[in-house]
Amino acid sequence: MNYDDLSQSGVRKIADFSPYLDQLAGLARDMDLRQRSNLVQLERALHEHWSLGQNNILSWAPLDEGVLILVVPHYAIAEYTAARPNDMPPRVSPRFVTELISGDRELNFTQMQKVSRLLEVQPIYVPLREPLSGHPVETQIIEKMIRRYGINYVASRAVTLFDIVGFSLLTPFEQMTQLNSLSYSLNSAHAKMLELGVAINFARSSSGDGFYVWNRDDGLEANVNLYHFMHIVLADNAIARSKAMSKAVPRLRACFHVGSCYEFHQAEGLNPTMHDFIVGDVTIELARMIEAALPGQILVGDFLADLSAGRELDPAETQAHLDAVTFLERAQGNLAKLGGLEFSGERISAIKCYLTGENMGGGRFSIRRLLIKDKHGLSRVAYNAKVNIYRETAKPILLGIEDRKLPEARQLA
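For the sequence shown, counting from 1, position 393 maps to 391 in the working numbering; every step adds exactly one.
No wet-lab data here; the hints were simulated from the structure.
Fair warning: there could be bad hints in the mix.
[What the hints assert, rightly or not] Quick list of in silico lysine-lysine cross-link-like pairs, DSBU-like style, CA-CA up to 35 Å:
{"id": "1", "residue 1": "LYS350", "residue 2": "LYS403"}
{"id": "2", "residue 1": "LYS190", "residue 2": "LYS142"}
{"id": "3", "residue 1": "LYS373", "residue 2": "LYS393"}
{"id": "4", "residue 1": "LYS112", "residue 2": "LYS190"}
{"id": "5", "residue 1": "LYS393", "residue 2": "LYS403"}
{"id": "6", "residue 1": "LYS190", "residue 2": "LYS373"}
{"id": "7", "residue 1": "LYS384", "residue 2": "LYS371"}
{"id": "8", "residue 1": "LYS393", "residue 2": "LYS241"}
{"id": "9", "residue 1": "LYS241", "residue 2": "LYS350"}
{"id": "10", "residue 1": "LYS335", "residue 2": "LYS403"}
{"id": "11", "residue 1": "LYS335", "residue 2": "LYS142"}
{"id": "12", "residue 1": "LYS190", "residue 2": "LYS403"}
{"id": "13", "residue 1": "LYS403", "residue 2": "LYS245"}
{"id": "14", "residue 1": "LYS384", "residue 2": "LYS190"}
{"id": "15", "residue 1": "LYS335", "residue 2": "LYS245"}
{"id": "16", "residue 1": "LYS403", "residue 2": "LYS241"}
{"id": "17", "residue 1": "LYS335", "residue 2": "LYS373"}
{"id": "18", "residue 1": "LYS142", "residue 2": "LYS112"}
{"id": "19", "residue 1": "LYS393", "residue 2": "LYS190"}
{"id": "20", "residue 1": "LYS371", "residue 2": "LYS403"}
{"id": "21", "residue 1": "LYS241", "residue 2": "LYS190"}
{"id": "22", "residue 1": "LYS335", "residue 2": "LYS241"}
{"id": "23", "residue 1": "LYS350", "residue 2": "LYS371"}
{"id": "24", "residue 1": "LYS245", "residue 2": "LYS373"}
{"id": "25", "residue 1": "LYS371", "residue 2": "LYS245"}
[Claimed, not checked] Pairwise CB distance ranges, derived in the manner of DEER restraints:
{"id": "26", "residue 1": "GLY337", "residue 2": "ARG402", "range": "26 to 34 Å"}
{"id": "27", "residue 1": "PRO92", "residue 2": "GLU141", "range": "45 to 53 Å"}
{"id": "28", "residue 1": "PRO92", "residue 2": "MET358", "range": "40 to 48 Å"}
{"id": "29", "residue 1": "ALA189", "residue 2": "SER258", "range": "28 to 36 Å"}
{"id": "30", "residue 1": "LEU376", "residue 2": "VAL323", "range": "17 to 25 Å"}
Here a beta-carbon is modelled for each residue, glycine too, at the ideal position from N, C-alpha and C.
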């Protein structure tokens, strides 16, 4: 295709590429048609080597007038770290593979040679019409491409799980309407946060009875924003339930946790989807917690949130991780940015989120740790959370379950 070709074929190829440009719309305006056409060509080459999901693309490196890509069969990532016959050690360590599929995927030429030698895979050269410009937007788009055709590991990701109570007992029509209602609450909460200038690049994946939701952005602020996003979703749902005359609006329970996960794009037809899916320790913990959650309850996992994710650690900070209790204290102090929120035309005057516990007197409360056992006999610790949303003229929205109503068998201290 000629760079200046605006024929139907040329327009279609640019349109196929538009999801990447849409995600970086504010910056992509700096790219001319030549750069876009160059990336369309790269996208087509990646799709070909992906081969309907048969392969994963691990890394890339610019070279001369093209790029090198590292392509391996989808099953090879697990085999690299597995023991080999005759008691031979694994080809590479699990840590090496984890680092390879974490963070940025761009390597320099020397690094590409080293990695390909360790994995015993020859990199593939993809020629382009002209050399890459090195523009930051161009690099970001290529990174998104590589991630779309591979597997990505995130060491510290906040995820919340919304679960519809009694979902399996509903009729198919009621299940459809309740999932649709929950989906609307997610969209409404997202719109409310954007109106206040709170950035949340949220993604979601169906759990069957509800949705896993996470923030694609990394870092402490992104995790805190997701926690508040959960509050707004639950508040929107609670108001809708108070007005509903049928079973169209679900009763929810929710869990919040921070942990590691793998992100990937499933094949849809002949292409990988633009939206991502996650699975890992964080989703496993959420699934186990939600089984023990009571209707209307909000549970928070016992986690360590990585402070360095998505940013450089401030030298004044003495720790690299925050435990769940300290995280919630930070979240409470972060609520000022939600000032001005409105629910059903009523302006919010204050929001209080906290972990429940025993009344110690003098306005002081302990924080109770709950022991949760799953069907496999495994145990984990969680916390019971409450959220009180106070409105200027209407009754407050009280979310979660009071500590005194919790089953004593689950209480540790």
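**Item:** Violations among the numbered hints, reported as their numbers in ascending order
**Value:** 3, 4, 6, 17, 27
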